Structures are given as structure tokens and as C-alpha cells.
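Trainee: Each chain, written out:
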Amino acid sequence: MVIYLLELSLSLFVLGAISGLVVEYKSVMRLSSTFATLASLALIALIVEAYGHLPIKGELLGTPIMIDGLSLVFLAIIGVVGLADAIYTFNYMDKYEKLGKAWVFALAYNAFLASMVLLVTTSHLVWFVFWWEIMTFSAFVLVIWEEKDSLWAGAQYYITMHLTSTLPLLLAMAIGYSVVGSFDGMGFADIAAHIGTLSPGLVKLLYASFLLAFMAKSGMVPLHFWIPSAYASAPSNISTLLSGVMEKMAVYGLVRATFDILKPTVAFGYLVAILGVVTLVVGTLYALKQTNAKRLLAYHSVGQMGYIWLGVAIGITFMKNPDPTLAFIGTLGLAAGLFHALNHALFKGSLFLSAGAVEYAAGTQDLNKVSGLYKIMPWTGVFALLASLGISGVPLFNGFVSKWMIYEAGYYSKNFWFVLGAILALLISAVTLASFIKFYNSAFGGEPNELTSKAKEVPGSMLIGQGILSILCLVIGVFPVVALAIVTLPVGKGVITAGVLGLSFNSIYFSPVLLAIVLGVLFIAFLLFLPARAKETAKPWDCGSTLFPEETYRLRASDYYRPYEKRIGAFYAFGDFFGDLGTEVINRTIAAYVWIGKYFVRTAEIPRVTVENVDDLRDGVTLHLDDALIMPIVRFVKVVGIISKTAVVLVLIVAVAVLAALIW
Amino acid sequence: MMKTMSISVLGIIVGVVLVAILPPFLDGIARKVKARIQYRVGPPILQTYYDLQKLFGLPSLRPTENKWFRVAPYLALASAFSAAFLLPYGKWVPVKFSGDIVVFFYVLAMVSVAIIIGAFSTQNAHSNIGGHREMMMVLSVEPILGVALGIFAFKAGTLSLSAIPLKVPASFSTVLAYLLLIYAAYAESGFVPFDIAEAETEIAGGVLVEYSGRLLGVLEYAILAKRLVLLWLLSTFLTIPILRGIALTGVVGGIVVLAVQLILVLVAYPLIAALEATNARYRIDQAVALNTRIFLLSLVVLAVAAVGW
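Chains as they are written, first to last, in my numbering: chain G, -17 to 646; chain V, 51 to 359.
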């Protein structure tokens, strides 16, 4: 039954993917998002059906399938976010109608979702890498949707993935092949069974290549530099999937590789923890400075991934500890990390959808320019506020419960470094709150200005998409058992007791329901006994100033937290260094690609053009040539007629590399 | 499961009575003390009650259509009361929905969150600046609080509200942890020199500037209640270690603990008032700089606690 539902879901995605055959733009978008919606519903049905019958093994088109607790957590993320996003896409893509190429969208969008479903259900390393690549590539096609402005972001993303995600995974595959000796036998369990025969150096290499691959995908510092531009320039429904779902695949990979292929060791745990803590600090402090809505959200994605990695790291470090108390802390940490992954998918997904709604209605992502949207887009405002409170970790919202579990695990580990991690996580949680107060208030607070007074609320389907995710933030915050029932599956039952009333572990307990009741009763009581009776309206007091236009009489997004940012100024320089380094590496890589491309495509024949980097190409040469040189595959998609020889060369290089690795 | 969750009717009565009645009274004492230090006669002790009574009787003006402006004060007050319900009054805890100190601080922080949301809902620079300062105070105080909790985790081995004062050993780092907690609570409460968000004489009340009448009354009441809740936490953390050598059981024991808690609060408030009367407000950048320095120093204390002192 479960495998049948998986097949159903995938068939629906396939139908969605080929709905481009209908040709007419709007019909294609409606049809493909309807199929994606149905497919996501089938996934949710699968979770319900599979719950309690784990693990489930089977086959799908000859590939081995295994659905266990861990897969289920991530299937839940894909299913729920996919559902909301597909409903949102129903109308949102109208914005891009003049670009056409609807069939490409239908194909890439559905392939993207389907590849992630297959990624978390396969039990075979080769297929894992295969689906990983499909995911990376279809995401790339979607990131560069707006073409002109997003090409650099796309190039950054795709080249970073090539160098730091694909190559390490191919290396890991090669090492896996070298222990098992056949491609068919490269299931996770088979490799794990033979891992003892590897030399210590190769085992270390295996750890390193998995770590690098998953770091790059989840945007851990210092490999986070591609995230802000990629998420900001992709259409918002795609940013939601990138940030809400695709990043989580790296967490899945990390947990799967560490626990089911390798062994969780203390040293590796520390490494993951350091990466997590550095990332949560760097990502969030950078987010505090942003005034572009989607860049702000993107940096927060980096920061929140740090929380997730910290939780997972506590699991890796302590779960196999002989001391039962510490082993328990490990379990708690891992569950908290996975819980936060689910929560992040919900609130960040919703926030990107809200940012998309603001862009759809007001035509800008710039928080300095928008104001007073509470009046014009009341529903978007409410959903954005719910999700903002969720990510800020305010009690009664989902983010609070998972962050709280991470703090508790850190504090109770009684290990200086993890306690420090918990303290930094606590601090960064306040920074997140500050940042979202800015995000919410600069867009929705104040009074409408010239730009926003012309806007109007987005279509119903987009609101439903935002609503599903935001309301789940509140529901899980009040009844964490809804999510804990799934996220505790991979760590075993009996560790965290969760009921309708609340959750408890060790001697610690928290009942959000009771808090909600107490707060609600008090709130209503005060409101009844002391009603506001605020009938009379008055203009805000402006010290009698007459010369300033009214709308300037408030803080703009860029004015927030200046003294605080100045305090931590030196810190930003450190982060900028990695950003520059990443850009430099990418530029060099592009230069290498350009050099190869120049040889085959004979750019040199174009007069007065010296091609050194991608910017030269953009200034001097037409767009199509630019595509053809730096991104052979885009060209394949865009100008299907002419397949660049560069692509052939690249494929040859990769193939030779794999072959060499395999022979060696 | 959830055996530790409880509701105590007696606790609710004592808690509600104390949190409802005490804050304006304490503020009245503080105003009298400050006046005497400045060679003034000062208002009567009950002046804050009169003020609130008057404010509750007046209608409010509405500077914006935004509903959060009107909801925020009630949310702040309800949050302050919810946090109060987690603390023990004698041996009675009103509604124990969590025994965890992290949860307690977060529920209390909701007061600030509500105030900030209210302050930003209007198009008024003073109000916005106030909200923005309140946020920066939360930002810079939070890590200090985090370190204090870290030290408790090391030394007492627990983060349970009721267990920390029972288990905490007398040592170098725990004394410093108490000092950090007192500092954080003082700064969080917005007493002078940390009254930066309201800054009456500078930005005309900051977060409060657009509020009037009953809404202003509710908001001021919430701020006073929050101060009492923080002070009550500190007094509990001092009372129980003092009394833990003495076997206090039954109702009598509970009443003794309650009495000591109350006396400590009544003693502490005039002291705070004296501090307020003799200090000038910090600028926000000075406050952030001070808090940052204290945070960095406190990390050393954390390391000391980790070593075992």
C-alpha cells in the first residue's frame, strides 16, 4: 500500500511534469501545480499509511526503496511544504507570463519535488547521488528563471555545487565502490557492513567528502555565500522549496551517512557542532543587516541551518556515549535538530511565500520602500506575523519548542563547548527576534505609502499556501505532539514523552496548551474588565513638525539596530572575507570554463573582446553566448537546438574523473 | 507522564492577589524614597494606584487602524501574569505549566515582544525609537542571562525553577551567577540607568508615547508587574537557599517561606529606588557596550564553573 502510494505520488509528479504539452501558459501552470498538489497529498497519505509499519522495504522501477523513521520526517517536510507551495504556484507564476517557457517550469518544478521524494526513500548510494544531481540541476533551472538578473546567482549556485557537492559525492561513491566491489551492492547497509575493511585514511576521506557535500548544500559557513543571491533572485515559490525543502535534504544526507553508513564519532560530532554554531551566529548576524526581504530571509536560512546542525551534532557526539544520561542528551539533541528542520521548513517556507506575496502586490523586495501593508494585505500580514513569531522562538509557536529542546540538550550535556553553543543559540534567538520585528514592522507596520497604497491583497490560492504553513506553526507550537510523533521516530520511542498536554523528558516538562489557556484566559479577562474603548482617532504625534512628509516620520528598515551592529562590526569583516573568497573561487572556475569554452566556441573571433571573467562576457558578448560559455546546460534548456561542445567536454572530464577514481 | 504539572487554587489566589496589588504599591514606595533622597516631600505611597485609577477611567485615542496597537498592552499584561504563575508563592505554584527556567524567561520576554509590536504599529518616530531600544536591550541582556543559566546547569545540574535554589552549592561561580542574574533582571526591568526604552525626558515616553487613557494604564501596569515578577524570582532564589537548612513543612512552613519572599522584595525595592535616584540614564550605545563587556567577562566565569570552582 505504501509503495503503491509512492508510485501514485510519483506518477502525479510525472503528469505534472509533462503538462507543458498543453502549451498555453496559464493552463500549463494551473495543470502542473494541480498535479503537484495532488502528488503532495498522496505523500501525506503515504506518511499516515506508513506510520507504525516501519521500516518498509520495496522496489520501484528496479531501484531499492526503504522508508524508515528518518525518511518519514523528510517526506513530511516535502509533502507539507510541497502542498502549500504547489497551491501558491497556482496563481503566483502569472507574474512571469511574459517569459513564457511554461513547459520548462512544469518539467523542472515537478522533477525537483519528485527527485527529493526519491532521494529520501532510496536505500542505495548510487541512486542517492543520481537523485541528488537531478535535484541540484532542476533547482538550478528554476533559480535562473528571471534570466538576466539571476544568471550570476545561478552560476554561483551551480558551480559551488559542482565543486563542493557533486565532486565529494562522486568521491564517496568511488570509495563505496572500492569496498563493496559492485554497483548493485552499494546499498547503505552493504557499505556499512564492509566499512571495516577500509584503511583509516580512506574512512577519514569518506567522512570528509560526505561532510563537504552536505555543508555546501545546506549552506554552512564558509560555503554559505551562494545562498543569499540564489534565494533572492529565484521566484519566491522556488525560494520556499530551496530553503524549506532542498536544504533539508543535506540534513537528511548528514544523518543518514553518519548513522547508517559511517559511525557517529565524538570528533566528527564536535566538527559538526562547531560548523553549526559558527553558521548560526554568522548567518543570523548577517541577516540583521539586510534590508531586502528575500536576502534577509536567505541569511536566516543559513542561521537556522546552524541550529539544526547543532542539534544533530549533539546527537552524533553523545548518542553512543556509554553514560545513559549523556546518551539520552544525544537522543534529545538529534530529535531537536530534526524537529527544528521540520519547523524551519514550515516558517521559512511561509515567510518566503509572504515575501513573494509582498513582491507580487507591491512589486519590490526592498523593505525600505514598503510600509503599512497591514491595511492592504491583512491576511498576508497575519500569516507573516505567525511565521515570524515561529522563527523567533516565541512561546506558543513551533520554533520555540525545538529551539528550547536544543538549549536543554546543550545545557544538560555539561560540556563547556556545548553549553557555550547553547548560550550562543539563546543569544542568536534574540537576534532572530530583532530581525523579524524589523521584517514584519517595516513591511506591515506604519501607514501605507505611495507605493503600497496602490497594491491589493494577493489571490486566494496564494493565501491558502501561506496559511497552511503559518497555521501549522501555531498548531505545532501549542500541540508539539503533532510533530514530535514523527520526528522522534528515528531516535526511538520512550525518550521524549509527548502528549496532547505537552512534552517532557528527564525531569523537564513544558505544557504549551496550559500556557495557551492561562494566557488566553488572562488576556480575555483583561479585555473584558478593562475594554480599550478607543473610539476617537488622532494622528500620531510628530512634535509639531510640519516640514517633513508624514511617511518619513518612522524608522526605515535600514535604520534598525545601528548601535548594535556597530558593536559587532569587526565580526562582519570576518564574514565578508569568506564571501570574497567564495566569489574569487567561483570567478576562477568560471575563467577556467570560459577558457575551455573560448577554445571550442571560438569567442576569440569576436573583435575587441578580451574575455577574462564572466563580467566581461556579460558586457561584451550577447546573452546566449554568455549562457553557452558559463553554463552549458542552461543553454541546452534555453536553446535546445544548439548543444554546446563545452557540455560534451565537461561530461568527458567528469566521466574521466569518475573512471579514474573507480580504477584507482 | 506530566505528573509534575499542577494547578494550585491557593497559589492562584495568593499569586493573583500579590501580582495584582503589589506592583503599584512598590512603585509608590520607590517614588517616596526617590523623593526623599532628592529632598522632596514626594507623592503619597498610594499615588501609583490613583494614577492607574485615573488612567483606567479615561478613554484612549487611536493613532492607527492597526489592531496590534490595541491588543499589545493586554498581551503584555497577560504575559507578565502568566510568568508570575510559574513562580512559587510560599510552597504554592499557581499554574505549573512548566518547571523550566528557560521557559519562564521566554514567557516573561513576551511582555517585551508585545510592547515592541505595539510601539512599531504606529507611524511615530519616538515610539519606533523606543521599540527599537527595547529590542536592543533584550539583545544585549539575553546572553548574560544565558551564561547565568549555563553556570546553574554546571553547578546545580538542573535548570528546573524549583530545583536550582535547592541544589545550588555555595561556590565562587554560583555567587557570580547570582550577581549576573541580578544584573540581568535589573537591566531587563528597565530601572534607571536602563530606562532607555521609555526615556521620559528624552523621547517623551518612547514605547508609551502614543498610548493614552486606559491602554496606557494597562501598559504601565504590565511593566510594573514584570518588574515584580523578576524581583520575585530573585527573592525566591535567595529565600530557599537561606531556609533550606531549616525543615519547613506543612502550611506553616509555606507561610514562613512566603513571608521571607515578601520581606526580601519589600527590602529590595527601596534599595533599587535609591540606585535609581542616584544614577542618570545611559545612552543606548553605552548600555549595549556595558552589556557586551559584562557578557565577555561572564564567559570567563562560565569557564571557571566548567572547571569546577
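Honestly, the hints are just simulated from the structure, not real lab data.
Owing to the predicted nature of the structure, the values given are computational and were not obtained by experimental measurement.
Glycine residues also receive a C-beta, built at the ideal position from the N, C-alpha and C atoms.
One should not assume that every hint holds.
[Stated by the list, open to error] Short, incomplete list of chain V residues facing chain G, as computed with Cβ under 8 Å: (1) Leu105; (2) Gly107; (3) Leu111; (4) Phe131; (5) Val152; (6) Val163; (7) Ala203; (8) Ala327; (9) Asn329; (10) Ala330.
[Unchecked claim] Straight line, CA to CA, 30 Å or less: simulated DSS-like cross-link-like pairs of lysine-lysine: (11) V:Lys117 x G:Lys351; (12) G:Lys517 x V:Lys84; (13) G:Lys80 x G:Lys517; (14) G:Lys517 x V:Lys117; (15) G:Lys245 x G:Lys77; (16) G:Lys271 x V:Lys104; (17) G:Lys396 x G:Lys80; (18) V:Lys104 x G:Lys436; (19) G:Lys130 x G:Lys517; (20) G:Lys438 x G:Lys302.
Trainee: Each of the hints needs a verdict: does it hold here or not?
Mentor: Hint by hint, here is what the structure shows:
no.	hint	in the structure
1	Leu105	10 Å, violated
2	Gly107	10 Å, violated
3	Leu111	4 Å, holds
4	Phe131	5 Å, holds
5	Val152	6 Å, holds
6	Val163	6 Å, holds
7	Ala203	4 Å, holds
8	Ala327	27 Å, violated
9	Asn329	20 Å, violated
10	Ala330	18 Å, violated
11	V:Lys117 x G:Lys351	22 Å, holds
12	G:Lys517 x V:Lys84	37 Å, violated
13	G:Lys80 x G:Lys517	48 Å, violated
14	G:Lys517 x V:Lys117	13 Å, holds
15	G:Lys245 x G:Lys77	48 Å, violated
16	G:Lys271 x V:Lys104	43 Å, violated
17	G:Lys396 x G:Lys80	58 Å, violated
18	V:Lys104 x G:Lys436	43 Å, violated
19	G:Lys130 x G:Lys517	51 Å, violated
20	G:Lys438 x G:Lys302	55 Å, violated
Checked against the numbered hints given earlier, this structure breaks hints 1, 2, 8, 9, 10, 12, 13, 15, 16, 17, 18, 19 and 20; the rest are met.
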